[in-house]
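Using the sequences plus the hints, can you model the full thing?
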Amino acid sequence: MASSSSLLPSVARGILSSCRPALRPGSMAPFLSGFQQVRPASQARGKKDSTAKKGKKGPREFKQGNLKDLEQFALCDAMRYLRAFEVGREPTVSKYEVHIRMKTRRDGPVIRNMLRFPHSVQTESRICVVCPPGTRIEKEARAAGAVLVGEQEVFDAVKAGKIEFDRCICHPDSLDALNKAGLGRVLGPRGLMPSLKTGTVVEDVASRVEMLRGGTIYRERDAVIRVPIGQLAFSPEQLRDNLRATIDQIKKDAAGLNDRITKEVYEVVLSSTNGPGFSLNGEFKSDNSPDIAVLQGV
Amino acid sequence: MVNFFKRMRKLKTILNIRIGPGAAILPTAASATKEFPAITRFHLTYASKIYGGHQGARHFWRNCLPRLKYHNPSIPITVRQTTDQEGPAALTVYFSEQPSNAASLLAAKITDKHAPKPSSTEQSVILDVKNLEYKDIWKKVQNITGAQEVAATAEELNQLAKLEEMSQRAVKDRERNAAIRQAKADHARMLAEAKGEVEKLKQI
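For the record, the sequence lines run as chains L and X. Per the working numbering, residue 1218 is the first one in the first sequence, and the count goes up by one each step. Per the working numbering, residue 937 is the first one in the second sequence, and the count goes up by one each step.
Nothing false has been slipped in among the hints.
The calculated label-pair distances, taken between Cβ atoms and stated as ranges, are:
#, chain 1, residue 1, chain 2, residue 2, range
1, L, K1274, X, A1124, 27 to 33 Å
2, L, A1394, X, F941, 56 to 62 Å
3, L, P1335, X, S984, 36 to 42 Å
Source of the hints: derived by calculation from the structure; they are not laboratory data. All of these numbers come straight from a predicted model, not from anything done at the bench. All C-beta atoms, glycine included, are put in the ideal place defined by N, C-alpha and C.
Right under this line is the structure:
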């Protein structure tokens, strides 16, 4: 006992020695109160804070930094840097992405929508359509650009392990056949199984195929919307058009939410698959940015 | 989104892309001389693992090529990573019209099947970069292309020194913080032990 207590800090030792003669349970109450008194002040303060915080929920709005602290870039300058960071990468894999920071409350609705770019971002989105073969629907789907169309041939290909598409939609007429084929086990984990809930079982297959080919889904998470907006080979004008389309649509979304909720775009950051984020200052090019013609291609 | 200061700190990596080995301006059609004709593009091929002398080539891609691309945005640079460790680690330089004298002297007699074919107005020279360090590769490239190095400005050097100072301070701060955390943990452990003894005494 003596040896172990000599290791204790003086405060604790004091307590021990004070309670040593009084070992009956009844004497514990004064001991505890004494113990609380000798605790370091910082701990006591910490406890008080935590109890006070329980009622409060924290700030209502997301914290916004001061944009004056930030180094901002013109679009062409940011592109020049990002292209340097992406050098030697597969040009179809590397993408420009944009992070749009909103000024918004922590609670309330979030923006969630789909967007069609003036210049398609995906190099190729291969789409499979399950529909009765030999009908008008099949023709339309093929015309809209679906890669794999049909019923039995699709099922056979999937069962053989050949899944050569990124999206799968189904016509309601073929839904029973699809469910009978038992592809859920294969397609389900990949998120490719058409179902009514995800909106991939539709009457108007052709227009949905069109939409999926050029459309990108985006949503706001923690006040930031992140979307890929261009291939690395894009020219600055193409990227600018896509960026404009994105911001315009997001502004429209924000305006259409609710009268009482104000959401506005606070900051736009351009980044790429392997590069850092460059906050944009809204200008297209600056005095020392290179010729526009060189900022495209590989 | 990450806070501004962290992001700005991270963005200082762009300083690294402006200066360092590889930060040089290559002769273009406008600035070409008889000795050093214009460079039209580059292609690098190397294997994915470093054994067999492919390390330098990969480091060259990581370190020098971004800087080269930043200072010469108009020059296409392609990189091909193969899985063939026995295969070549080769840098193909494409000259317009004809290669420089230094290039034809240094040209290796290997073939790189991944390199794109030179067009009718181009001539390519293949450098064997196996078993070379990336700085040596860069020196070779400089010699054959006549690239003009971009010197760091005083401001950039200043910033670089500041960053260096910050990273040194970070080491010290990490140590200090670790010591504080350790002391706290020790304190808590000792309190717990002391409490345990009280409990034991209660049970007697």
